[in-house]
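Please take these sequences and the hints and turn them into a complete structure.
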Amino acid sequence: MAVYKRSYKSYAGSITAEWSRFWIIPRFAWHGLFKQRLLTILYVVCFFYPLGAALVIYFNSNMSFLRQYIPVPDRLIDIGNTFFFTFISVQSVLGFILTALIGPGLISPDLTNNALPLYFCRPLSRTGYVAGKMTVIAALLSLITWIPGLLLFTLQASLSDSKWWDANAYLAWSIFLSSVLWILVISVLALALSAWVKWKVVAGGLMLVVLFIGSALGEMVRQIARSDFGRYLDLAYNMSRIWGSLFRITEDTGSISLEESIAVVLAFSAFCIYLLMKKVRAFEVVR
Amino acid sequence: MSADLIAFDNVSKFYGEVLGVNRVTLHIPPGITSLVGPNGSGKTTLMNLMTGLLRPTRGSITVCGLTPSDPEKFFRLVGYCSQFDSFPKGFTGFEFVYSFLRLFGHSHAEASRIAWESIERVGLQEAAKRKVAGYSKGMRQRIRLAQAIAHDPRVLILDEPLNGLDPLVRAETIALFRDFAKEGRHLIISSHVLHEVDIISDQVILLSSGYVVAEGQIKAVREEIEEHPMQILIRCTRPQALASRLFEHDHIVEAKVHSDGGGLLIKTKSADQFYLLLNQVALGGFDIQTVAPVDDDVNSVYGYLIGQEEATR
Amino acid sequence: MNPLWLSQTWAVMRLELKKSFFNRRSFWIYLLALAPVLIFAGHALDVSGRRGHRQQMGARNPGVTAEKMRQVHSGMTRDEVTKLLGPPAEKITTSRRRGVERQNWAYSDGSAELRVYFAGDEVRGTNYRDACNFGEDTIIFAAVFQFFFLRLMVFFGCVFVFINLFRGEMLDRSLHYYLLAPVRREIVVAGKFLAGLVATSVIFCTSIGLQFTILNMHFDPQVMEQYMARGSGWHHLLSYLGVTALACLGYGTVFLTAGLFLRNPLIPAVTIEIWESINGILPAMLRKFSVIYYLRSLTPVEIPIDRGVPPPLALLALNVEPVAPYIAVIGLLVVSAALLAIAARSARTLQINYGAE
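From first to last, the protein sequence lines stand for chains P, Z and V. Per numbering that gives the first Met the number 0, residue 0 is the first one in the first sequence, and the count goes up by one each step. Per numbering that gives the first Met the number 0, residue 0 is the first one in the second sequence, and the count goes up by one each step. Per numbering that gives the first Met the number 0, residue 0 is the first one in the third sequence, and the count goes up by one each step.
Honestly, the hints are just simulated from the structure, not real lab data.
Some chain P residues close to chain V (C-beta under 7 Å, calculated; not the full set):
hint	residue
1	ILE223
2	ALA224
3	ARG225
4	ASP227
Derived lysine-lysine pairs resembling DSBU-like cross-links, with alpha carbons at most 35 Å apart:
hint	chain 1	residue 1	chain 2	residue 2
5	Z	LYS266	Z	LYS255
6	V	LYS17	P	LYS277
7	Z	LYS136	P	LYS199
8	P	LYS278	Z	LYS88
9	P	LYS278	Z	LYS128
10	Z	LYS255	Z	LYS268
11	P	LYS199	Z	LYS130
12	Z	LYS72	V	LYS17
13	P	LYS277	Z	LYS136
14	Z	LYS72	Z	LYS136
15	Z	LYS128	Z	LYS181
16	Z	LYS136	Z	LYS88
Note that the Cβ used here is the ideal one computed from N, Cα and C, for glycine as well.
In structure tokens:
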């Protein structure tokens with residue numbers, strides 16, 4: 000029997016912590032994303048509204064400055080729950096469009112090119128892979144939703160008296176929670192579609208279809224059955240219902256309770272996660 | 000235009016600003032013709048142009064007097080096994096061959112019979128009822144070959160047809176090609192495996208960077224390459240003496256005694272003059288056992304014509 | 000016509016029909032087509048099941064009228080509701096959160112039904128469900144057909160099926176097999192188009208037929224006989240089927256052609272959806288270059304726009320000057336034929352360059 004000299008020595012240097020390895024995925028993804036001109040322009044556009052809102056907050060508390068030039072009332076608008084609710088609603092729509100552009104391209108190329116075995120033959124778990132892909136969307140969307148939202152809230156708080164703070168302190172939590180909830184839901188939707196639809200353009204289109212067809216089916220049920228139960232199918236409605244509750248905006252909500260809306264959103268997200276995990280595997284079943 | 004030739008007349012193809020092939024003029028006779036060249040040299044472009052999957056930017060192409068713009072006649076004559084390793088979704092091997100035969104206007108029974116015959120020729124009967132999606136690379140290659148030859152084409156165009164085949168099937172497939180060529184058909188094959196090209200080809204077309212570098216029978220091509228003297232190995236008993244005798248002639252540029260001492264490797268500018276000289280030398284008492292050229296194969300010609308070009312890129 | 004061309008067209012159709020009907024991707028189309036059927040079926044079952052229940056509730060509380068039920072609104076107290084309608088026929092406590100009890104109260108006049116949702120003492124929402132009325136259901140069916148079925152289900156179904164015919168095969172890298180067969184490319188276009196048309200027409204016409212049957216199933220058989228045998232029932236059903244088939248034809252040719260010219264199907268789909276949606280406010284000349292213009296003129300039931308239709312939907316319902324049915328059919332056929340001719344012309348010069356996909 001031949002005896003070979005063992006000259007091979009494995010790497011013995013320091014390695015990064017296991018929990019932090021998923022970061023490698025978003026790092027490379029962001030690098031590639033901003034090479035797309037359309038995406039970069041859209042992302043810049045996403046900051047217009049927060050900037051405008053910051054100006055409104057500033058001038059609203061400094062009307063004396065404006066009064067030097069033009070006749071204005073004591074206050075421009077009332078900065079409260081409706082102001083921040085509108086802010087989150089607008090930014091969430093932009094976030095959705097952004098996700099429709101970014102999300103579908105995250106997993107589908109890996110599946111098309113059989114790259115998943117390459118990921119999973121390294122010390123990276125499926126959860127780490129999904130977390131990494133989700134971080135790509137979550138970080139970008141955070142920068143246009145709750146982070147500017149909280150900055151605006153801080154600006155308003157610093158320019159107002161303690162009475163405003165006492166009445167509106169809960170809004171910080173509302174801004175954060177409503178944004179994070181939306182980001183999580185649309186991220187799992189985008190990743191699930193990206194994992195199931197090879198053609199990334201179609202996956203992007205399907206994101207819009209899921210939202211529109213869902214709302215349309217909900218409206219059909221409302222019309223045909225003369226019942227509000229169709230709203231169970233309307234993701235946008237249920238999300239808006241939860242936000243309304245977080246921002247303490249009351250309106251006639253019909254027969255769908257807040258708990259039911261939460262259940263709808265959770266069920267929808269769970270289904271997306273199920274679809275996602277079914278497809279993100281180190282092997283492919285050929286039928 | 001001869002009805003027996005594949006003719007390219009000053010054909011160029013550009014993909015936007017990227018050159019596919021440029022100013023190609025060729026007249027390919029029946030037999031096995033190999034397209035040889037490095038990746039991106041234009042082999043597949045030339046095949047796609049021949050079959051109408053691409054349209055030339057300039058020039059014209061005819062295959063036995065027909066053009067792809069008349070598909071009803073053209074594709075009864077031509078079979079193309081392309082490099083695209085993809086299939087319509089959900090088909091079994093048999094369904095794949097059968098379905099496209101129906102497009103030829105064959106009845107169900109006729110198409111079935113022809114499909115089975117063709118599948119049998121590539122030795123895939125057992126797997127024919129299985130989904131193509133579950134085939135190995137070699138099996139996919141064979142079923143595509145079966146589809147390309149099913150209608151018994153007079154011109155068979157094959158892009159890397161031996162890729163993924165195991166040695167036994169490779170040999171069988173080469174034999175199949177030879178049978179085709181013996182019947183006076185055209186076989187156009189692109190390949191990277193030069194020794195196989197050498198074995199099977201009647202003529203070669205060497206391509207580099209979209210240009211045809213050389214074409215014709217490999218020995219004739221070799222003789223045209225003057226800047227590289229021909230190398231010939233002579234097995235004999237007194238190599239040193241033979242070397243001094245040969246050096247008296249101008250066309251001999253180098254002579255090297257073989258490492259085993261039983262032969263002489265010479266380089267000559269003129270193979271014809273060398274063989275004339277060799278007759279005289281043999282009569283002069285040298286015991287010559289064998290004489291064999293060592294660089295008139297595709298491998299050497301490729302190295303001389305394309306290898307250098309690639310190296311200087 | 001050359002018999003070979005016919006057999007070749009049929010061969011292409013056979014290949015494509017198999018893909019359109021049985022491909023796993025086609026699951027979406029079935030889902031789209033089946034969704035309204037399921038909604039109508041659910042409604043029919045619900046109405047049949049509730050009819051007796053409402054009569055029982057009405058008998059328990061004879062003072063309840065439809066007019067009184069409509070007066071209940073958010074913000075009212077339990078006492079105010081009880082004063083107006085009396086004690087509820089049904090009372091369900093749904094939850095108790097942060098000390099606030101949530102209850103659902105139900106009232107009925109024997110045909111319509113009202114659900115009142117309380118949080119503590121205050122009305123937080125109401126759901127008034129009118130009794131099923133044949134005339135109203137016919138209008139609802141027409142509205143669902145125009146707003147949702149044609150514009151969303153059939154539209155997206157056609158986007159999927161017809162764009163897939165060429166662009167999908169380019170993506171799968173399998174289109175070249177057709178281009179290497181002894182078939183004129185016009186025949187390939189025709190075969191693929193006919194297969195797509197048959198597939199979408201069968202799926203969506205079956206869907207509309209089922210919707211129509213199920214919607215009318217729960218009404219009194221005498222009313223139905225009157226409607227079908229002596230009224231305009233058959234005319235309505237055949238019109239809906241015809242309009243659906245024509246929609247598949249119109250949208251089919253549009254997306255088949257788009258699939259040959261454009262790499263990204265989202266762009267034509269979104270553009271055409273917007274174009275179709277704003278058709279009502281376009282100048283008369285431009286209005287003719289849309290599928291929905293002709294289809295709307297052929298729908299058998301006019302939708303009254305003042306029926307509480309929200310503004311965006313009212314815009315969709317607008318058809319300023321409908322054309323005569325024969326002009327609509329001929330117009331649609333002419334537009335489709337023109338688009339098919341463009342598609343066939345484009346196919347003749349089609350090149351295979353999968354790398355660019």
